[in-house]
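> Sequence:
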Amino acid sequence: MRILQNTGNPKGFWGRVVLRGMNVGHAWLSKKSLDFIDWSSDWRVLDIGCGGGANLKRLLKYCRNGSVYGLDASAESVAFAQKLNNKQLGKKCFINVGRAAFLPYDDAFFDAVTAFETIYFWGDLSVAFNEVARVLKMNGRFLIGCELCNPENRFWCSKIEGMSVYSPEEIERMLLSCGFGNISVYRLRGDSYCFVSQRLEN
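Count along the sequence shown from 1, then add 1129; that gives the number in my numbering.
Note that these hints are calculated values from the structure, not bench results.
The structure displayed is predicted, hence computed values, not measured ones.
From the three backbone atoms N, C-alpha and C, an ideal C-beta is built for every residue, glycine too.
Fair warning: there could be bad hints in the mix.
[Unchecked claim] Calculated cross-link-like contacts (lysine-lysine; reagent style DSS-like; alpha-carbon spacing at most 30 Å):
1) Lys1160 x Lys1212
2) Lys1266 x Lys1220
3) Lys1186 x Lys1216
4) Lys1186 x Lys1212
5) Lys1190 x Lys1266
6) Lys1186 x Lys1161
7) Lys1161 x Lys1221
8) Lys1212 x Lys1190
9) Lys1160 x Lys1186
10) Lys1216 x Lys1161
11) Lys1161 x Lys1190
[Claimed, not checked] Quick list of simulated restraints, FRET-style, between CB atoms:
12) Arg1283 x Ser1306: 22 to 28 Å
13) Glu1281 x Lys1212: 15 to 21 Å
14) Gln1217 x Asn1268: 33 to 39 Å
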């Protein structure tokens, strides 16, 4: 089961195997979720937990005249994502190592922030969501996509260290407490959900 630990923090050979799998396996979630936002071509967007970088590649198409930033706690993920987006790297695409609880960006820097299959590993969501609110412009969008939103299903949490699954109600409640509003909750399939909210408070 050691390979499963690379889900939260990919490292080495097995980490790269997992990242390739994520880019393919999570594509349906990101494609479906991205359709819930009316994107502007000049937006500056951050993808937290960017993993293998496939979502960054998609966001670059939505924001052709803007810029896309990727952040991941795994150096392996960052290197993988940089390689996948090498043509735009340092021009319209910027990818670095970092964590959701300590976002290395100025206040009100982004028009939108996305997070696909990653909040499970963010620790205290109130800390991370407040950081997202800080770096978002007023009325900026925060999109969360999760394939797992049933805390009663302990299968994956019992196998992957540091993983926590939250119910849709918990996520919505935490967003509200951290200054987000206009929250739309979309059930996709099974226990998969997408959340789209806006930063409304300082």
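> All the hints need checking, so say for each whether the structure fits it.
Consistency of the hints with the structure:
1. Lys1160 x Lys1212: holds, 21 Å
2. Lys1266 x Lys1220: Between Lys1266 and Lys1220 the Cα gap is close to 22 Å, so the pair holds against 30 Å.
3. Lys1186 x Lys1216: holds, 10 Å
4. Lys1186 x Lys1212: Holds, at about 11 Å.
5. Lys1190 x Lys1266: Holds, because 21 Å separates the two Cα atoms, which is no more than 30 Å.
6. Lys1186 x Lys1161: holds, 15 Å
7. Lys1161 x Lys1221: holds, 24 Å
8. Lys1212 x Lys1190: Cα-Cα ~17 Å, so holds.
9. Lys1160 x Lys1186: holds, 12 Å
10. Lys1216 x Lys1161: holds, 25 Å
11. Lys1161 x Lys1190: holds, 15 Å
12. Arg1283 x Ser1306: 22 to 28 Å: Since the Cβ atoms of Arg1283 and Ser1306 sit about 25 Å apart, the hinted range of 22 to 28 Å holds.
13. Glu1281 x Lys1212: 15 to 21 Å: For Lys1212 against Glu1281, whose Cβ atoms are near 38 Å apart, the range 15 to 21 Å is violated.
14. Gln1217 x Asn1268: 33 to 39 Å: violated, 27 Å
Checked against the numbered hints above, the structure breaks hints 13 and 14 and satisfies the rest.
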